[in-house]
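Novice: Below are the chains, spelled out letter by letter.
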Amino acid sequence: MQDKEATVTTVRAVSICSRRIASLICKLTLCHADDCKWLDSYTLVCISRGEERTDVYALKGRLEEYIDPRILSYNYPLIPGVHVAIIAAGQVALLLGLLQILRLESKITKGYAVINRQAEKLFLYGRDVLPGSIVELSPPPYSECVDRVAVLSLEREPLGWGRLIRRGNRIYIQNLVDAGWYLRSGV
Amino acid sequence: MENIAAEAKVRDELLSSQERILSKWSSHAKEILARYPHLNLHLHQVARYLEAFGPDEALQMLEAFSKSAVMKSIRVNTILAKPEEVLERLQSKGFSLEKHPYIWYGLIVRNEPIPVGATHEYMLGLYTVQGPASMLAVPALDPPKFGRILDMCAGAGVKTTQLSQHSPTARIVALDINWRKLLALKNNASRLAATNILAIHMDAREAYTLGTFDAILLDAPCSGEGLLHLEKGRWPRSIEDIASRVQLQYQLLKAGVRALKPGGTLLYATCSVTVEENEYVISLLLEDEEKLVVEEPPIPAGLPGITSYSNLNILPDAAKCRRFLPHHHGTEGFTLCKIRKLP
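The listed protein sequences correspond, in order, to chains A and B. Counting with my numbering, you get residues 1 to 187 for the letters of the first sequence. Counting with my numbering, you get residues 1001 to 1343 for the letters of the second sequence.
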């Protein structure tokens, strides 16, 4: 669910994200990092299409340092920073942008899987990770993390997000989104 | 040029100039046209090159375009990686690379076993593909580390993300009239971890509604005549094509100046080698706006701007613009002019 961007003509409401959403992003960060201090130096901006979908963006600094917030009421289509999450139908999809921010501002210390070189190639082509390709696994610490892991290369560079699938005593990683998407997206 | 009469005057000037150029160079231009059919040139175009550069230089330029003698380059994303690291990683995969001659975080790709835009390192945001002369626009602007920076025609955000790596603590506003290009910018900003960019889908001629900025980059829509080394860059440009671009470029420059803080700088860039879209339109602007000066950009390369061309009025200060040409620099055709608004 990395992105199916709506057309320009879709009606959107743009606002600073509520405390509820900020708190949710913090909790999801804590699935993979020791703290969510990075949020202190970012503004989360939410772009909502009614109740259907909310796109969450993270922008360094405060919004008013970029533009007068009153401009939001002019309904210019906006991209306010890095796209980090999509909230739709009660589900949260974390995006590649959040991984890049965690890489820059924090450190991934839990909720991750390191995979071998061959699996890295396949994962970046959109494939899942087979059990024998997992070199190191730190399972997500809380049930709210819904078995999501940051998939890392042997050099611990973030390759994408995955979900742990347990079949008997074997663990697979379902590919949720990978950095190869940037090439496949066609945009 | 805020009304139709003024725009018509510029169009007439350019058409009249083209007529003079044709009467001087027509037969020579026809010989050159016949020599380079694969470049898909217009007679007007060849005549303009002869007028701007003289026969020898014009031929050398077209020969370089014809052989695609333009370096391929990548820009290391210094937010996430060091040039030495990217160099080593790509060399281990069979790439042959050299340092960019003018910019410390640029690498020239001499040989690629796979497309350089398809590696894991590209996907992870360690670098991006960018033309060797295009990469000089941001250093030429030399934007401040803090404050507000505007990228007026941001497109897919290649230069916008370069602004971000140059000034990661500044606040960058990026505009484009094409929403699909801004979607590409969104992806590039995410891939390259450029977290200080706010992009707006709007016409950059309304940029003044966003307040004033400390530095502005205007990579203006242009004829693209500097891209003749590319298959997609090869289409015939008549003087009417050029005139319509000049009108838009002038409107964008006026809007940029209006949005610029006193003391701030605006960098005007085009991937064009025409005098009409560069020194001429800058001269029009300077004549119209008292508080502007052209400055030499702080980059170690480039030929001076052209100050004598047909019968067009071009100010001497246009010599401070910088031109890049394939047969001199091994780059795409590119022109940069830096303007400061006096306090």
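No lab work stands behind these hints: they were computed from the structure. Fair warning: there could be bad hints in the mix.
[Stated by the list, open to error] Every beta carbon over 12 Å from chain A, so not counted as near; a handful from chain B, in silico: (1) Trp1025; (2) Leu1050; (3) Arg1148; (4) Lys1181; (5) Lys1261; (6) Asp1317.
[Stated by the list, open to error] Computed, partial: chain A to chain B, Cβ under 10 Å: (7) Glu52; (8) Arg53; (9) Glu65; (10) Ile67; (11) Asp68; (12) Ile71; (13) Tyr76; (14) Leu78; (15) Ile79; (16) Val84; (17) Ile101; (18) Lys121; (19) Cys145; (20) Arg148; (21) Gly180.
For each residue, glycine too, the CB sits at the ideal point set by N, CA and C.
Novice: Are Glu65(A) and chain B close enough, Cβ to Cβ, to be under 10 Å, as the hint says?
Specialist: At about 5 Å, which falls below the 10 Å cut-off, the nearest Cβ of chain B leaves the hint on Glu65(A) intact, so it holds.
Novice: Any Cβ of chain A at or closer than 12 Å to Lys1181(B), or is the non-interface label fine?
Specialist: violated, 9 Å
Novice: Tell me if Cys145(A) is really an interface residue toward chain B, meaning its C-beta lies closer than 10 Å to one of theirs.
Specialist: Violated. Min distance 22 Å.
Novice: Answer holds if the nearest beta-carbon of chain B is closer than 10 Å to that of Asp68(A); otherwise answer violated.
Specialist: Constraint on Asp68(A) satisfied, holds at 7 Å.
Novice: Does the nearest C-beta of chain B fall within a distance shorter than 10 Å of the C-beta of Arg53(A)?
Specialist: At 16 Å from the nearest chain B Cβ, Arg53(A) fails the 10 Å test, so the hint is violated.
Novice: Measuring from the C-beta of Ile71(A) to each C-beta in chain B, is the shortest one below 10 Å?
Specialist: holds, 7 Å
Novice: If you take the shortest Cβ to Cβ gap from Gly180(A) to chain B, is it below 10 Å?
Specialist: holds, 6 Å
Novice: Confirm or reject: Leu1050(B) is not an interface residue toward chain A, with every Cβ-Cβ distance exceeding 12 Å.
Specialist: The assertion about Leu1050(B) holds, with a minimum of 41 Å to chain A.
Novice: Hey, does Lys1261(B) actually stay past 12 Å from chain A on C-beta?
Specialist: holds, 15 Å
Novice: Regarding the hint that Lys121(A) lies at the interface with chain B, is the smallest CB-CB distance below 10 Å?
Specialist: holds, 8 Å
Novice: For Arg1148(B), is the shortest beta carbon distance to chain A beyond 12 Å?
Specialist: violated, 7 Å
Novice: Does the interface hint hold: is Ile67(A) within less than 10 Å of chain B, judged Cβ to Cβ?
Specialist: Check passed: Cβ of Ile67(A) comes within 6 Å of chain B, closer than 10 Å.
Against the hints set out earlier in the document, violations occur for numbers 3, 4, 7, 8, 19 and 20.
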